[in-house]
Amino acid sequence: MSDHDQGHHHGFLRTYVFSTDHKVIGVQYAVTALVFLFFGFCLMMMMRWQLAYPGHAIPVLGDLLPKLFGKDWGETNMAGGVMSPDLYNSFGAMHGTIMIFLGVVPLIVGGFGNYVMPLQIGAPDMSFPKLNMASYWVYFTGGVVMLASFFAPGGAASSGWTSYAPLSVTATQGQTWWLVGMVLLITSSLLGSVNFIVTILHLRAKGMTMFRLPFFVWAQFVTSFLLLLAFPPLEAAGVLQLMDRVAGTSFFMPQGLVVSGVVQDYAGGGSPLLWQHLFWFLAHPEVYVLILPAFGIITEIIANNTRKPLWGYRTMVYSVIFLGFTSFLVWAHHMFMTGMGTSISAFFATTTMIISIPSVILLTCLLITLYRGSIRFNTAMLFALSFLPMFAIGGLTGLPLGLPASDIALHDTYYVIGHFHYVVAPGTIFAAFAGVYFWFPKVTGRRMSEKLGKLHWFFSFIAINVVFMPMFFQGLAGVSRRLYDQTLYSWGDAMQGWTITSSWGAWALGAAQIFFIVNFFSSIKLGKRVTENPWDATTLEWSAPSPPPHGNFASVPTVHREPYEYSVPGMSTDFFPQNVSEA
Amino acid sequence: MRILRGCAPAIVAFAMVWVAGAAPVLGQAAAPDVSDVHIDGQYGTFPTFMPTDVSKNGHDVDLLLSILHVFMIVLFVGWGIFFVWCLFKFRARSGHTADYKLVKAKAPKYLEVAVALFEAFLLIGMSMPVWARVKNKLPTEADNPVHIRVVAEQFAWNFHYPGKDGVFGKVAPEFVDPVSNPMGIDPSDPKGKDDFVSGELHVPVDRPVITSITSKDVIHSFSIPVMRVKQDAIPGMRIKIWFQPVQTGTYEVACAQLCGNNHYSMRALMKIESQSDYEAWVEEMAKGPAEFDEDDL
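One line per chain: the protein sequences are A and B, in this order.
The numbering used here applies: residue 62 is where the first sequence begins, and numbers increase by one.
The numbering used here applies: residue 200 is where the second sequence begins, and numbers increase by one.
These are computed hints drawn from the structure, not numbers from a lab.
Remember, predicted model here, so these are calculated numbers, not experimental data.
Listed below are the simulated DSS-like cross-link pairs for lysine-lysine, each with C-alpha atoms no more than 30 Å apart in a straight line:
#1 Lys267(A) to Lys300(B)
#2 Lys363(B) to Lys392(B)
#3 Lys439(B) to Lys369(B)
#4 Lys390(B) to Lys363(B)
#5 Lys288(B) to Lys303(B)
#6 Lys288(B) to Lys512(A)
#7 Lys191(A) to Lys267(A)
#8 Lys515(A) to Lys288(B)
#9 Lys369(B) to Lys390(B)
Covered stretches of chain A, as calculated for chain B (at least 3 residues, CB under 8 Å):
#10 321 to 328
#11 527 to 538
With beta-carbon atoms standing in for the labels, derived distance ranges:
#12 Gly72(A) to Arg292(B): 48 to 58 Å
#13 Phe286(A) to Pro377(B): 46 to 56 Å
#14 Arg292(B) to Phe286(A): 41 to 51 Å
#15 Phe320(B) to Leu290(A): 30 to 40 Å
#16 Arg292(B) to Ile382(A): 35 to 45 Å
Glycine residues also receive a C-beta, built at the ideal position from the N, C-alpha and C atoms.
Put together the whole structure using the sequences plus the hints.
Listed below in structure tokens is the structure:
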């Protein structure tokens with residue numbers, strides 16, 4: 062840890078690029094992830110044109126992109142300005158991959174976790190600062206590989222973010238790039254998760270017992286275990302699929318495949334379902350990797366803006382641990398249609414119903430925290446409050462998907478897309494926005510504009526519901542997901558009006574982000590200056606200067622009480638910070 | 200009235216979306232370039248959006264879906280009312296302070312238990328029996344079922360019928376010829392002589408249909424929304440499911456699992472016919488050897 066003290070003597074490169082300071086790495090993560098989120102969203106905005114107006118040239122971009130990437134690229138992928146089915150599929154696969162692995166997880170774990178967690182526990186940095194830096198740069202490299210894959214022969218991976226074999230094994234070269242990229246991204250997450258666990262266990266300030274940890278830290282702690290335990294199976298599976306593609310093995314390839322009338326010369330004996338089991342064994346805990354830190358963020362913001370202690374702090378902690386544990390027991394509910402018998406499907410449906418209970422407890426605790434509070438409606442709080450009903454919709458619509466019989470009608474339809482997007486987009490991404498508005502003053506020493514922030518929230522909230530609500534109706538109508546043109550089917554044709562609605566919602570949502578982008582960049586230079594504790598908050602990060610210097614605290618803080626002591630009777634202020642002694 | 204401003208977007212959004220269903224906002228895009236075959240049934244009708252149900256078992260799935268959605272809406276609305284009331288009642292204003300003391304509330308606990316019990320009922324009382332019947336308990340020969348092998352490939356459905364003898368001939372990958380023998384039926388097997396392959400699914404009304412589903416290349420999913428039927432077609436596996444049509448007409452079969460660039464057009468017609476029409480069709484198809492015009496494939 063000796064380099065903490067001399068940190069500010071390093072040159073530009075060591076201070077801002079190859080920094081070992083958790084705050085710089087956190088900002089690097091967050092900014093890179095925000096850029097990827099926007100890029101992943103742009104892919105979707107283009108796909109939404111094809112969905113709404115199939116076979117019509119994309120305005121502006123249909124002209125521009127072929128000019129940008131050359132005539133050959135244009136002819137194969139955008140003849141006449143119309144997106145080809147191959148390009149549509151690769152955008153779909155890359156949208157999912159980018160949003161999850163390059164956007165949301167790096168933002169809420171790598172970004173917020175790295176920046177806020179050490180401050181909240183009163184630590185000068187992470188336990189392994191160099192490992193932390195390595196984690197970011199491995200992630201960055203993974204991102205570059207993913208982006209480069211768009212220019213591989215045949216384009217980027219196009220077998221969905223799920224990469225089901227044998228489709229993925231027989232796919233074009235982009236899939237190989239995807240696998241290499243995934244191996245890098247998973248490695249990065251593993252490095253990060255080990256670091257988080259060790260830091261939370263070892264670097265807590267004096268007096269910071271486990272049950273005095275802010276809930277955000279608990280959420281990051283459980284998330285790190287999920288990453289640590291769930292990612293290795295996918296990394297292994299990714300390497301196996303890579304071998305199937307490049308070394309002629311057949312882990313996921315059965316005998317006697319006949320593709321386009323040609324008998325394939327795979328040795329055979331493998332199982333396509335093995336991939337699905339390995340994949341979902343990661344990917345279901347991954348859902349909780351996306352949602353738990355989001356719960357952590359909004360819990361901080363709701364406690365702060367209701368000005369009262371959290372209702373059921375310990376219940377929430379136990380729930381989050383229970384959620385983490387059970388998230389390893391539900392994976393095969395993604396596979397009800399793979400020929401599952403009654404008893405196996407009943408097992409996974411039961412675990413799925415059980416896992417809904419702690420999620421409902423978390424929501425209930427936050428809801429009751431509002432009761433008898435004194436609720437301030439700043440931008441961060443508006444985003445955090447919208448999380449609650451949006452997550453509720455996402456959670457409730459999980460029920461018909463989690464029950465095998467009703468899943469028969471809804472599996473692989475737009476209902477599924479609506480369901481998980483309600484959890485992740487107006488859920489997790491709104492929580493991430495809430496976090497940006499909340500901690501921006503800590504990071505920059507300046508506030509973001511409340512006026513622009515509220516406009517951002519208002520239009521985003523409307524638009525995002527216009528995007529995703531129709532998907533439930535489409536799913537009930539039987540429209541399959543991942544269709545390049547749904548109007549070929551009578552149910553798809555009947556629901557095309559909703560597709561158009563949803564597309565316009567997506568473009569409106571894109572436009573609403575202009576408020577955020579303008580606000581974000583202008584506030585760095587022009588925002589109102591703040592002192593260390595602009596929100597009158599109680600947790601330790603608000604006792605450090607804004608922005609905190611290298612090493613974080615002038616003197617190591619001592620913790621005297623629970624994290625959310627607001628409106629304590631008999632005090633002159635309505636907040637009682639963790640580090641202030643009784644006197 | 201900050202609170203009203205707060206919930207306005209939700210109301211506006213919901214209303215916009217709901218209304219948009221009745222009348223497509225910006226008009227239809229390109230007309231579907233599907234074949235000119237008329238498809239029976241009603242699709243996307245307000246307010247449940249569910250397609251016509253022409254199967255014996257579909258009702259059970261629909262009932263479960265209806266109960267679930269009523270349950271979900273009741274929970275969400277009840278929850279939402281309390282949420283919005285809290286936001287209004289406990290908004291920060293001069294003279295109002297937060298209460299440090301935490302409420303001792305039993306209600307959430309009871310509610311939680313009630314919800315969990317209801318979920319258990321839905322699972323054990325409804326979902327499991329339906330699943331067992333629809334997916335697992337195949338009709339016996341006494342029920343006089345029709346047997347069809349469904350073989351998916353990029354990007355078409357092959358429906359392999361046993362012909363008049365009701366017995367499938369042997370198949371092996373080495374006999375596959377994309378044009379003359381897409382199924383790879385062993386030419387030396389006498390039981391395969393009257394086998395035939397169709398790109399259209401023909402089934403008789405009011406008889407159980409047992410489909411044995413597999414794929415030649417990648418994973419597909421055999422989906423017939425009007426029959427409330429869906430089953431992945433997985434290479435290397437044969438999975439049997441059954442259904443029973445209850446009404447004649449022409450409907451659509453879709454692929455529900457991403458299977459490559461033309462996944463979206465992997466569509467087949469399903470014709471539900473009277474017993475006599477069905478027999479006549481089988482007779483016609485079984486006449487020739489397993490040879491077809493290229494157009495049929």
